[in-house]
Structure formats: C-alpha cells, structure tokens
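Asker: As a plain string of letters, each chain reads:
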Amino acid sequence: MVQHDSTAVRRWLTTQVARYLDTTADRIAPHTPLAEYGLDSVISLTLCGDIEDHFGVPVEPTLAWDYPTIDAIQRYVLDALRSGATAL
Amino acid sequence: MIALEAVSAYLPPTEVALADVQGWLGITDAELKIYRRFYGYDKMRWAPGVAVDELLLAAARGLSGLAGHRDRIRYVIQARTVQTVAPYAVNVPHDVGRRLGLAHAATFTVTDHACASGLLALDVAGALLAADGDPEARALILTGEKAFTPTIAFSPARTVMGEGTAACLVRLGGDRDRLLAYATATYGEYHNTMSLDAALTARFQQAYPALLAEVIREATDRAGLRLADLAMIVPHNSNRVSWVHTCRLLGFPLGQVFLDNIPVTGHCFCADPFVNYVCVTERGLLRRGEAYLLVSVGLGATFSAMVFRH
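Going line by line, the protein sequences match chains B and W.
Mapping of the first sequence onto the numbering used here: residues 1 to 88, in sequence order.
Mapping of the second sequence onto the numbering used here: residues 1 to 310, in sequence order.
If you're looking for bench data, these hints aren't it; they were derived computationally from the structure.
Predicted model only: the values in this text are computed from it and were never measured.
Hints are not guaranteed to be accurate.
As the list claims (entries may be wrong) - Taking lysine to aspartate or glutamate and the DMTMM-like style, the derived pairs with C-alpha atoms no more than 25 Å apart in a straight line are: (1) Lys-43(W) x Asp-53(B); (2) Lys-43(W) x Asp-197(W); (3) Lys-33(W) x Asp-260(W); (4) Lys-43(W) x Asp-22(B); (5) Lys-43(W) x Asp-50(B); (6) Lys-33(W) x Asp-50(B); (7) Lys-33(W) x Asp-20(W); (8) Lys-33(W) x Glu-60(B); (9) Lys-33(W) x Asp-66(B); (10) Lys-33(W) x Glu-15(W); (11) Lys-33(W) x Glu-52(B); (12) Lys-43(W) x Glu-60(B); (13) Lys-43(W) x Glu-15(W); (14) Lys-43(W) x Asp-260(W); (15) Lys-33(W) x Asp-197(W); (16) Lys-43(W) x Asp-29(W); (17) Lys-43(W) x Glu-31(W); (18) Lys-33(W) x Asp-40(B); (19) Lys-43(W) x Asp-20(W); (20) Lys-33(W) x Asp-22(B); (21) Lys-33(W) x Asp-53(B); (22) Lys-43(W) x Glu-54(W).
Extracted from the complex, chain W is given alone in its bound form (with noise of 0.2 Å):
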C-alpha cells in the first residue's frame, strides 16, 4: 500500500465572487440564490490569464521535499477531469515535468473518472510502484484545471468550478498517512452527463447520495473500520446539500465533513480532496494515528474513496 509522503495545495489569488460572474455563466437571479444560500457557493478562485501548466508547477513547488526526491520519481501523473485541455502540440504534464527536472520520468495522464481521477491517480501509482518494487521509487500526482469555459465553469444544479490546484508525492509503505482501502463504482448509466435529459438528471439527483454513502461505507468496511472510527471525511467540493443528504443515510456527523472550502475556492476539479486535505492538516484536524477518508465524485458517473490513517 502506498502513503502519501508530501501534499501541496495553491490556490490562485484571485477572488471571483459568483454574482459578479453570473452572466458569463448563464445563472438566473433564483439559481444564484440557490447556489448561494443552500449549495454554500460564493467565491472561487481564478487564475485569469495564468496557463493551467503554471498552476500545477505552484502545486509542485510547494512539496517539501520535492528536490531531494527529483531522481527517485519515477512516475508523473496528471489527474483530470477534461480530456482536453490545451491546443495540440501542448502537452501539459510533459511540459510540467520537463520544468520540474523530471523528464526521465513516465509521464501520462489519467482522466476516465473525471474529478474522481485523483483518487484514480493514487490507486495506479501504487500499482506501478508495487510492480517495481523499489521503496525508494516515488510518484507525483499532479491536479486541478482551468475553468475556461461557462459549461465547464458551471454544472447546472450541481456544482461551481475553481481553478485551484495541488500535488501529491507518493511513495510505497512509510509511516505517515498510509493508505488502507480504496473503493470506487462507475455508473454508466450517468455517463453522458453533460447532456443529460431533465428525467436522466432527476434520477441521478436522486440516487447520488445513496451512491456516495454506498461507495463511503465500502471503502470503510475495506479498511477494517467503522463509520465511527472516521475522525474527517475530506471530500470533493460538490455542493453543500449533497453532503447533507449523504450524512443523514451515513449517521455520519455533518460537521465531520470539511466543507469550509466550498464557498472559498468552488469545486476544483480533481485536486478538492488534496487541497481540503491541506487545510485539514493545516489547522490541525487530524491527529496522528486517526483515520480519514478521501472522497470524489466524477461525472460519468463515478464515485469513489479512500481511508487513510494519518
């Protein structure tokens, strides 16, 4: 099993507050409402003018001890949710490894379960690293998109994007914030959820917190623990209302959920669960040996988790 040995997080400095860009992306005056008052959104964080490759490279200059590990990276992982992201001939995770001195890295990414792909990302480094089986070898996950685009900014009835980003340095075993289980479930059904007919999209409304909660107790139960033995869920920035709903099927404590960054940075793509887990241990939330859960949700529709003792 893997561990997660460095986590860094950046967010753009850059406040947007939702209202102000209400007409670029198409929300009425009582979706506003909404998103404001009951899904918790009202700033994010955008880098206006900035490539998503200098975002990600802010991510990665922030890792402790990222140049001490340069040689022993063996693997580069960009986690996202849109497939495409830049014009051809731009290859955004060459480019930041390439800057970052690790060219001699096998670098790629990964993108099939969309905002869940960072969860993806951990659960491949670590069968690469296994498969290697050098301790030594390590594995940076690189997360977090532009919002450049209104459809891609703004998922209607759901969700509010953020340009935020973070890296992860990823090694087999050690000690700290070792991984125990991972769960994930793809739903086909949903998958063509960009478009998706109002019937589809009431059906998935309805089941996605019966998913969340299903996909959250199994990795749980993979793990060997109880819901109780969780002292934090670190989740995905979906809206706040989901987590309600989620909570009350769990019996889970809604205060348990780090939520503060829903109205601070919007849905960051991938990178949610590694930014929230920054601020988590930032302020001191975990304490060492306590168990945690990582949890993402990508349209498509894939829901996925990961406990880790910290």
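Excised from the complex, chain B in its bound form (with noise of 0.2 Å):
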C-alpha cells in the first residue's frame, strides 16, 4: 500500500482545489473553508470522486460539508488510510 504523509496529503489536495478553481496552490490556504473560495457542489463531489480514486479511501458526497477546510479534510483522508477503510 501506498504511505501518504500529512504534507503529501495536504499538497495533493490543495493542487486538485486549486486546479478546479483555475488557480494556483499557493492561493489556497488550507485552514479558509472551500466555500469561500466558491467552491459548488460539483466541484464538492468532483474533488469526493478524486479522493476516492487516489486514496482508495470511501467518501461521502457531504464530505466538503463535514470537513469544510483542506486541513479537515486530509485529516479525514489520514484517518481513513489509518483505519483501513477501502471505497467501494
């Protein structure tokens, strides 16, 4: 299995937010809630869809509504791995 580290986690998903939003890493801060980059909810369930695919990890469609923030998020995506979880 692959390892992901806290910092993998978080740069991989401030590259996919930013990439969604046409824009780049380093405007994403990864404690500013998604929304208040406009966030909708496609891109929500696009960056759920991506999670899945490249973690391997499951994920509800209310994640970025759970886990408002990229640092909420990979500690989700943390857990998940750490607790073997496996989408469907």
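Two chains, each in its own frame: build the complex with the hints.
Answerer: Take a look at the structure:
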C-alpha cells in the first residue's frame, strides 16, 4: 500500500482544489473554508470522487460540508487510511 | 379534503444507461462519474419513438376502477413540467381524455410549478371537486413527459430525466390515502433556472436543502404531525445528494426516503411522487393508518409537499 503523510495529502488536496478553481496552489489556504473560494456542489463532488480514486478511501458526498477546509479533509483522509477503510 | 382513490404508474420497458447517452447529453467523463457515484443516476426508462399521449394512456389504463368511474370523472388535469410538449394543433390532454372516453370532462393543464405541478394538480382538483360538492365526482391527474431534447433530458448539476408516467384518480373524502395538508412555496429569485448564471446556480444549490426541509416541515406542521410521525417520504427523484443534505437538516432518517427509483427510472418530471407511491405500496412499505409525505421541487423554483394518511 502506498504510504501517505500529512504533508503529501495536504499538497495533493491543495493542488486539486487549485486546479478545479483554475488558480494556483499558493492561493489556497489550508484553514480557509473551501466555500469561500467558490467551491460549488459539482466541484465538491468531483473532489470526493478524486479522493476515492487517488487514496482508495470511501468518501460521502457531504465531505465538503462535514470537513470544510483542506486541513479538515486531510485529517479525514489520513484517519480513513489508518483505519483501513476502502472505497467500494 | 381529497383522497387518492387509485394511482397507476407506467415505466417504459426500454432501459437506457446514462453512459450510453453521455455524448448526446453533453456529459463529461467527470460529470458521469459524479452522476453515477454520488447523485445516484445510472439508467433511465425512456420510450424512443413513443409519443407522450401513448405513455399517459398506458398509465391511465392501469388505474383500477377507471371504467366504472368514467361518467363520474369531471376533470382531466395534465400536470407537466414543460409548457410546450407537442406541435401546434396537437392537444395532448384533450386527445388522451377523448381516447379514454372522457370527452365530457373539463380538461386542462397545470404547469406553473414545473416538476411540482403534480401536487399542484391534486390541490386544484381538490378545490374544484369541493366547489362542486358532489361526493361521487372524480378528477383524473395525468403526469409524465418525454425527455425529447438534451436540454430537457439533462439538468447540469441536478438531474437526469426519465419518461415514466403516472395517473391518479382523485375524489373528495374517502378513507384511503386522505390528504391531510399541503404546503408550497415559490422563490421567484430562481425563476430563470435554465439559464442561471454561475453565482445564482451556486446560491440555488446552497439554498435547496434548507428550502426543501422547510416545506416538508410546513406540510407536516399543517397536518398536525411531527416529522417522526411520517412513515415515509415519497419524493421526486432529484439527486441523492440533495436528500442526504435535506435529511440531515430535518433529522429524518435517509432510509425512510424512497430513493430506490433514482438509478432505475431517472427523474420522471411530475410523475415521480406518484410512481414512487406505487412502488412503496406494492412493496408494502406503508401500513394502513400511517402518514406519509409526497414532495417535489419544480425549477422556477417551487417547493411543494403533501401529507397523506394511508
């Protein structure tokens, strides 16, 4: 299994969000709610799907609701990886 | 108050996989994944080459007791989402009514609440039957449409349409499936939904679960019930994600919202609550005396809910 540390997960999430929003990663702060960047429901769900594909962990469609920042999502992903949960 | 005397659903036999019409609908690979994994859509029931009047007739002919009530049917109401569904001079509800032997009935269409117009038709039927005061009079509601263009068949970030239809025979009084309360609210700021700009779309998506939850609460309150008294919510087949959010806001179990048809039929315009009602009752998911709620949302945007006693 590929090992993921918190820095790598955060970097990957930030890069993805920046790409969806057509901006650069340095403009995405890990503690700022993604909604403030204009992350709409389609982008939120795209992120959910990409997380499932990349990390192989299950993600509910309410991810951006329950974990509104990059930091929060990163913690969710790491917890899911540690618990061994796998996507369907 | 009215009661649902009989409800019938017709699902065209042709299953169309969303992936197979991805190109026609203009859906990207990323969107397809979202629609299947999160919104819950997979297949739709379509009827290629079959006109909408045939689909409505199929539903109406499935109504138990239709023949026996033919002379009592005073109103035929087609509830539809799309205002124009046939070329000029073709009058779908009149044609269907005539073929059902109901040329004597006052026949018209309600469409102002878009996909929530099915519930509006029930309300209108109730008002007309109450004004007539004849307990033997009936109204026939017809719902369901054709997904005849990509614009109509696919609503970005929302839904995929199916061509299932339903018919509903309504009467005053009666002791089965009695209407207890109706709530509806139209938010005109979202009226131009088909050409919403991105900011307005985002606001609508943000507001949607709360507005849906509000109308459900309102209908339940008017019925003198608590949400916990509802055995089932029988909804329109809007995407599953919106129901996940709405149920969280309501504190209502997602498992008591009938979502089984989303991947099977798609969102069948005004017909969803009726088609889903038929499935729910056929599966024995409602027991006699239990309360349930029909709910639908129409672009424009109208949020409507009705509470019934089974």
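Asker: So, for every hint listed, does it hold in this structure?
Answerer: Checked hints:
For the hint linking Lys-43(W) to Asp-53(B), the alpha-carbon distance of about 23 Å falls within 25 Å, and the restraint holds. Restraint check: the Cα-Cα separation between Lys-43(W) and Asp-197(W) comes to about 29 Å, which exceeds 25 Å; the hinted pair is violated. At roughly 19 Å between alpha-carbon atoms, Lys-33(W) and Asp-260(W) fall within 25 Å of each other, so this suggested pair holds. A distance of roughly 32 Å separates the Cα atoms of Lys-43(W) and Asp-22(B); the hinted pair therefore is violated under the 25 Å criterion.
Between Lys-43(W) and Asp-50(B) the alpha-carbon distance is near 23 Å, which keeps this suggested pair within the 25 Å criterion. For a cut-off of 25 Å, the pair hint linking Lys-33(W) to Asp-50(B) stands: about 10 Å separates their Cα positions. For the suggested pair Lys-33(W) and Asp-20(W), the alpha carbons sit about 13 Å apart, so the restraint of at most 25 Å is met. Straight-line distance between C-alpha atoms of Lys-33(W) and Glu-60(B) comes to about 14 Å, which keeps the hinted pair within the 25 Å bound.
In summary, the hint linking Lys-33(W) to Asp-66(B) is supported, as the alpha carbons are separated by about 21 Å, within the 25 Å threshold. Under the criterion of a C-alpha separation no larger than 25 Å, the hint pairing Lys-33(W) with Glu-15(W) is consistent with the structure, at around 19 Å. Proximity of Lys-33(W) to Glu-52(B) is assessed by CA-CA distance (about 11 Å); at most 25 Å being required, the pair is judged to hold. A C-alpha spacing of about 21 Å is found between Lys-43(W) and Glu-60(B), which places the hinted pair at or below 25 Å, so the restraint holds.
The hinted pair formed by Lys-43(W) and Glu-15(W) meets the criterion: a straight-line CA distance of about 6 Å does not exceed 25 Å. Distance check on the hinted pair: Lys-43(W) and Asp-260(W) sit about 12 Å apart at the alpha-carbon level, within 25 Å; holds. With a C-alpha separation of about 24 Å, the suggested pair Lys-33(W) and Asp-197(W) falls inside the 25 Å cut-off, and the hint holds. Annotation: proposed proximity of Lys-43(W) to Asp-29(W) holds, straight-line Cα distance about 16 Å (limit 25 Å).
In summary, the hint linking Lys-43(W) to Glu-31(W) is supported, as the alpha carbons are separated by about 15 Å, within the 25 Å threshold. A C-alpha spacing of about 16 Å is found between Lys-33(W) and Asp-40(B), which places the hinted pair at or below 25 Å, so the restraint holds. Distance check on the hinted pair: Lys-43(W) and Asp-20(W) sit about 9 Å apart at the alpha-carbon level, within 25 Å; holds. Using a Cα cut-off of 25 Å, the hinted pair Lys-33(W) and Asp-22(B) holds, with the two alpha carbons roughly 21 Å apart.
Taken as a hint, the Lys-33(W) and Asp-53(B) pair is honoured in the structure, with Cα atoms around 11 Å apart against an allowance of 25 Å. For the proposed pair Lys-43(W) and Glu-54(W), the alpha carbon gap of about 21 Å is at most 25 Å, so the pair holds.
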